[in-house]
Amino acid sequence: MTSPRTERASVALSSTVTSAATLTERSDHLLPTTPALRPLLPDGGLRRGTTIGVAGTGATSLGFALLAEVAASGAWCAAVGLGSLGLLAAEHAGVALSRFVLVPDPGAEWPTIVATLFDAFEIVLLRPPTRIGGPLQRRMTARVRERQRVLVVAADDTAGLAPDVKLTGATGVWEGLGWGAGHLRTRQLQVRAEGRRLAGHPRHTTVWLPDTRGRLTPARPVPAPIGRVEGVA
Amino acid sequence: MKALHCGTRPRGESDVTRRTLVVGCTDWPLTAAGISPGEPVAVLHAHRVQAATAAARSAGVQRGQRQREAQARCPELGLLRANPDTDARSFEPVVAAVTAFSPRVEIIRPGVVALATRGPSRYFGGDAALAGRITTAVCDTLTRIAPTDQREDRCRVGVADGLFAALLAASRRVVVPPGESPAFLAPFAVTILDRPELTDLLWRLGITTLGRLAALDEHDVLDRFGSDGLGAHRLARGLDERPLAARPARAELTVTTPFDPPAERVDVAAFAARGMAEQLHRLLQRHGLVCVRLAIEAETAHDEQQIRLWRHLDGAFTPAAMVDRLRWQLEGWWHCATPPSAGLSVIRLHADECAPVGEVQPDLWDAHATIDAQVRRTLGRVQGLLGQDRVATAVIGGGRTPGDQVRLVAWGDPREPARPGLPGTVTVRVPTGVEMPPWPGRLPPPAPAIVHANPLPAEVCDRTNRPVGVTARCTATSEPSRVSVAAGPWLDVVGWAGPWPVDERWWDAEQSRRRARFQMALSDGSAHLLAQEDSRWWVEATYD
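Protein sequence lines correspond, in order, to chains A and B. Numbering that gives the first Met the number 0 numbers the first residue of the first sequence as 0 and each following residue consecutively. Numbering that gives the first Met the number 0 numbers the first residue of the second sequence as 0 and each following residue consecutively.
Don't take every hint at face value.
Claimed, not checked - Listed below are several chain B residues computed to face chain A (Cβ distance under 8 Å; list not exhaustive):
id, residue
1, V390
2, V405
3, E478
4, Q518
5, D543
Simulated from the structure, these hints should not be mistaken for laboratory data. Just so you know, even glycine gets a beta-carbon here, dropped at the ideal spot from N, CA and C.
Construct the entire structure; sequences and hints are all you get.
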């Protein structure tokens, strides 16, 4: 971590906090967001310059759903530190693979890699290889805010980072799979949103994730027992 | 998906440059127009001089000069408008003469052809002997076309490693010994690269010759000048501008159109070619490729055949450019000394050599796929930090498992799938003339959101705590009841389906795999794709 390049990057990271206060409250500060998730988010959409955590059941699919809507607008997306992504599912979710750049193994300099990617990428999906400590967290969130990008952290405890909003998949109910027959088709997922920006008032919603096309759509909750699958003998 | 797939380019192999011979006809547009070198005549394109006769040049007319300036230098200058159609059509006899030495002659542009010398040189006794014979043959042909032209340098032949060096060798009429291309290129000024923006910058930095550019470190060049600079650096080192794609372009990058009744006229074939070119272009787009060398095959009803290779030097073939090449080729054939005796029965367009989509290549399907400069610079920097192979994009192709269908391609390499086949599991409409394997045994959607790079070991038990197995007839020995993933806690199975057999490559003892796959939903709401192989259970993917 002592090369001049790294030093330049960390100087750039640390000199950015001031510009955050100059933000104006306008709707073009929102990235496109799938309608089913808008009620969960404090500004009714993915606000530029914020960090989002995805965790629990369906965390990866939630990450894809957030990326898909941004990718559909023509922006470039990246995933850092996720070596086992189901990219076929990403394509079905609507992420254009030709504009989805993967850095599965970012190595020890991953904060520099992520900071560099924010120069050009609207949204970055990250699984931090190491825990994010205090100073690093401050630099990271400052960089996101300065570049007006969105960072999505996919880790169950968000790797020590305190995101603005954390989306947790709580209960997943799969449909289509029987007892020795059928196959997985769709899943109803309860999603809980909590975090700093929601001031201790968690919000809930139920979505199809995936629906029959592999995407995220709103659903009415069904009173099914937790974790049970329909059609079980 | 296996992370290891990243960067499947065979490093050593990709940097082999082909020994190339280039034949150039001096002032071809003028020879094609039937102008004798003694008359002061210039060919104009966009009000600038494209070519000029020896007489005009001795009066001070130069390539690239404005029309007015040329006329001021040489008031009696005759002017001709550039006509690529005539140039290409009348070039056919020269191509035919060179084709007698090697079947794979590629046309760089009307007036210039190239061929790989490996085979022919061995047959004719060395590069110099081959160059001599080709010079004689082409000069004879040129004498037939333009009897008044007796210039000694009307045909220029040169041999070197790689096309770029060979083109320069031809302009100097030399045979550069194998391995000495970098030394041959070193004294040339960087302006020879014909990239004004880049060379202007290089010049101001004091990097004035190709030798100085080649002496820089590859990583530094990528870091400072981006992919454009890297291409120039490779050329300066005597390599091809881009490494060759890992595989030759696959057989499926071919579009065929039969004619019944046979097409008697060139315009009939050219009309059909428009649709074919667009189809080929779409196929290439799907793989993220562009065609840099196009093979056009034409067959007549009497089984006469003509194949020509066309190279696109700066950029890549657009559908319109492909149609032009086909028209030129057919018109040349129709008007040559031995025209075909019957109408055309088949034409075939084949992307013979491909390159990854460059920065300015708009995508027919997706207008946003134009790679903007910011993204390119950013990824160049990340590759500078990590290494080229660790930044990738994914491309979907054929295969049975969710992992097999995805291949990670290092950023900058051609986006070609690992296995042929179209994405998706449902019925796909296959374009005519293209064969795609169907890959039976694919799982129906949804696709799992996590495909474990290294499958997780698992244990599966039935109600009586005995492990569940799979019989030789592919049925489960008992109903699965509890599962433990990666030595984790035991969870109840709430739904399952399977076993679905996958018996792959049974003909190959080394690579054959026989697995039985299950989908299982567990009591914590998770669902997995499990596989039983050699009495052991693995979690291949998770429906996260």
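Among the hints numbered above, which are violated by the structure, and what are their numbers in rising order? none
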